[in-house]
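Enquirer: Next come the chains, spelled out residue by residue.
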Amino acid sequence: MEPVNQIDGRAIPFGRKNVDTDVIIPAKWLKTITRQGLGRGAFEALRADPDNIFDSAEFSGSPILIAGDNFGCGSSREHAAWALLDLGIKAVIAPSFSDIFSGNAFKNGILTVVLPQEAIDRLMEVAQTDPVMIDLESQTVSTPFQDRFSFEIDAFRKNCLINGLDEVGLTMARDTAISTHEAKMRDQLPFLARGTDAVAAA
Amino acid sequence: MSNTARTLYQKIWDAHVVEQRDDGTALIYIDRHLVHEVTSPQAFEALRAAGRKVRRPDLTLAVPDHNLPTTARRTADGARVPIADFESAQQLEALERNAPAFGIRYIGDADAEQGIVHVVGPEQGFSLPGATIVCGDSHTACHGGLGALAFGIGTSEVEHVLATQTLLLKQSKTMEVRVEGQLQPGVTAKDVVLHITGVLGAAGGTGSVIEYTGSVIRDLSIEGRLTISNMAIEHGARAGLCAPDEKTFAYLKGRPYAPKGADWDKAVAWWTSLATDTGAKYDKVVVIDAADIAPSVTWGTSPEDVLPITGVIPAPESFADPSKQDAARASLEYMGLTPGQLLEDVEVQNIFIGSCTNSRIEDMRAAAAILKGRHKADNVKWAIVVPGSGLVKKQAEDEGLDRIFVEAGFEWREPGCSACLGMNPDKVPAGERCASTSNRNFVGRQGPGARTHLVSPAMAAAAAVTGRLTDVRKLMA
Numbered sequence: 001m002e003p004v005n006q007i008d009g010r011a012i013p014f015g016r017k018n019v020d021t022d023v024i025i026p027a028k029w030l031k032t033i034t035r036q037g038l039g040r041g042a043f044e045a046l047r048a049d050p051d052n053i054f055d056s057a058e059f060s061g062s063p064i065l066i067a068g069d070n071f072g073c074g075s076s077r078e079h080a081a082w083a084l085l086d087l088g089i090k091a092v093i094a095p096s097f098s099d100i101f102s103g104n105a106f107k108n109g110i111l112t113v114v115l116p117q118e119a120i121d122r123l124m125e126v127a128q129t130d131p132v133m134i135d136l137e138s139q140t141v142s143t144p145f146q147d148r149f150s151f152e153i154d155a156f157r158k159n160c161l162i163n164g165l166d167e168v169g170l171t172m173a174r175d176t177a178i179s180t181h182e183a184k185m186r187d188q189l190p191f192l193a194r195g196t197d198a199v200a201a202a
Numbered sequence: 001m002s003n004t005a006r007t008l009y010q011k012i013w014d015a016h017v018v019e020q021r022d023d024g025t026a027l028i029y030i031d032r033h034l035v036h037e038v039t040s041p042q043a044f045e046a047l048r049a050a051g052r053k054v055r056r057p058d059l060t061l062a063v064p065d066h067n068l069p070t071t072a073r074r075t076a077d078g079a080r081v082p083i084a085d086f087e088s089a090q091q092l093e094a095l096e097r098n099a100p101a102f103g104i105r106y107i108g109d110a111d112a113e114q115g116i117v118h119v120v121g122p123e124q125g126f127s128l129p130g131a132t133i134v135c136g137d138s139h140t141a142c143h144g145g146l147g148a149l150a151f152g153i154g155t156s157e158v159e160h161v162l163a164t165q166t167l168l169l170k171q172s173k174t175m176e177v178r179v180e181g182q183l184q185p186g187v188t189a190k191d192v193v194l195h196i197t198g199v200l201g202a203a204g205g206t207g208s209v210i211e212y213t214g215s216v217i218r219d220l221s222i223e224g225r226l227t228i229s230n231m232a233i234e235h236g237a238r239a240g241l242c243a244p245d246e247k248t249f250a251y252l253k254g255r256p257y258a259p260k261g262a263d264w265d266k267a268v269a270w271w272t273s274l275a276t277d278t279g280a281k282y283d284k285v286v287v288i289d290a291a292d293i294a295p296s297v298t299w300g301t302s303p304e305d306v307l308p309i310t311g312v313i314p315a316p317e318s319f320a321d322p323s324k325q326d327a328a329r330a331s332l333e334y335m336g337l338t339p340g341q342l343l344e345d346v347e348v349q350n351i352f353i354g355s356c357t358n359s360r361i362e363d364m365r366a367a368a369a370i371l372k373g374r375h376k377a378d379n380v381k382w383a384i385v386v387p388g389s390g391l392v393k394k395q396a397e398d399e400g401l402d403r404i405f406v407e408a409g410f411e412w413r414e415p416g417c418s419a420c421l422g423m424n425p426d427k428v429p430a431g432e433r434c435a436s437t438s439n440r441n442f443v444g445r446q447g448p449g450a451r452t453h454l455v456s457p458a459m460a461a462a463a464a465v466t467g468r469l470t471d472v473r474k475l476m477a
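So the protein sequences, as listed, match chains C and U.
If you're matching positions, the first sequence starts at 1 in the working numbering and goes up one per residue.
If you're matching positions, the second sequence starts at 1 in the working numbering and goes up one per residue.
Rather than coming from a laboratory, the hints here were simulated on the basis of the structure.
What you were told as hints is all true, and nothing was included just to trick you.
With a cut-off of at most 25 Å between alpha-carbon atoms, the simulated DSS-like pairs for lysine-lysine come out as follows: (1) C:K28 / C:K17; (2) U:K474 / U:K381; (3) C:K31 / C:K90; (4) U:K170 / C:K158; (5) U:K53 / C:K184; (6) C:K90 / C:K158; (7) U:K170 / U:K281; (8) U:K284 / U:K324; (9) U:K247 / U:K11; (10) U:K170 / C:K184; (11) U:K284 / U:K11; (12) U:K173 / U:K281; (13) U:K372 / U:K474; (14) U:K284 / U:K170; (15) C:K90 / C:K17; (16) U:K266 / C:K184; (17) U:K427 / C:K31; (18) C:K184 / U:K11; (19) U:K394 / U:K253; (20) U:K427 / C:K28; (21) U:K394 / U:K372; (22) U:K260 / C:K184; (23) U:K11 / U:K173; (24) U:K324 / C:K17.
Okay, chain C solo, but in the shape it has when bound (with noise of 0.2 Å):
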């Protein structure tokens, strides 16, 4: 994973409140068999009005993204955060996210920023004409108006975005400690250690 850690530019000033996944992309977009591509179906019904906001001159490929409430409720698709970043965004600022969405963003590099309601607004006002800094090292989001917001992010995550670690590699490592739980459970409780190969052991 590309290490996160300042994104600045400019930010979609969307503000829409709970938008599901299925509005980030629709199920149709769902029968792909990569995670590439996907950009093209986002936000597709909002973007089928010719004078959208994701595609305009001033906002189209910005990398940060501003929301409303509940951003990401709905079906646990991770395809809403492979869109996403197909469009360009690193960072989507919101004062919530559904918790699945939040994951799969994290999963995917995507730096989930939550503030509150009057520091979006404050945010979506700026937005409009000038660029948004982030900054994850220091956990603030800031204007060239000397507007200064701190956000609070798990530590774990943190981490893990700064220093672009990948979590099933960071898992590998615990090797041991797998190898250790399956040895006890082929001891303690053999009929579950066993999967597809019971017929044959059978």
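Given chain C, work out where chain U should sit, using these hints.
Expert: Structure of chain U alone, referenced to chain C:
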């Protein structure tokens, strides 16, 4: 491990902790991983890119279900009938390629054992009580009907489990939903779970693992318990559980991947010990009286919008919460319904009997019992039965149920997820209604503009006969 009284959930959790971390998370071992064609291609792609293997292919089972057409998959001479949708065909081919490449047992699209992952797992004895079971699908909670800790995961987690056979998790809260008493005639497991969802609300179980207890759950068949646990996610729960008992053991004994010989005895002893200890505390307890549960139906676009079939469409103003009032208004508009309308006056044009919620043999029998000697109404344009697996299909055919369905005007299809979510060609046309035995009545779930009413298999059969949502008790002998 603690010596104090523990719940079923706590016992399963404790048995699977690989490592406890200071931040409250734990690395949890996963005993069984079910893989289907929709949420796995990107996980396999990532393994390949990183040069990683599947840690325990023997604990992984792959079967396609979501995209497969439910029409014939092979010609008379055994050649594959091509899947018209290019992307569906591509997802199927990816799984056909990935499973053997990573050493995973693969059940093919035309194999006798093929079916919906959540029907296949228990049926093959691959899903076991006390096991941790995951699948890239939110209805994985289904396997909790056997007393397994089972839940849905995203594609990155699928990759994580394939590579490490573990997941990093935080313990959930516990909730007991106790259903006591005796179900009235015509009331089935599906009505019980719809009723529970109506009582708890779509988010009522958020952050919790629910254990379903009480005499009603104990009296249910395993098929019925799988139906209940299947919809745990529809009231927001991470997972559902029913304590394993003699019925569970009888259901599993002799199944292909179930333990054999000395293993079996050891397994039964452990499974028996998993029951929640007397004095163990749940974070929340909800008690439901079986006498309050009628044959149920959903009227809106959230699974919590449940009413007894004898009810009337509610007025949005009847809800206390202003946001629910708005949601109800939007639901009624989408559903084309008017407050005050009798549910039994609502005409349906489509009937779907199937899905991981209601496609097991008992569901087939319940629907056939209503349809026997009857025919669907003329206004019902499309009525299909999609058995949950090839083995369910075969058993139903051996019992002559397929003939009852066909004589009643239904189409008897090949197994798969089908019109539950319409990823394959089985969709409900825009603006039309479907009495459906599936699990979600979301906007557009069964096809763009489709209007879904969730019901039990017997209620779906009754709606087919009259062409309207119908109280099945009127058609019972």
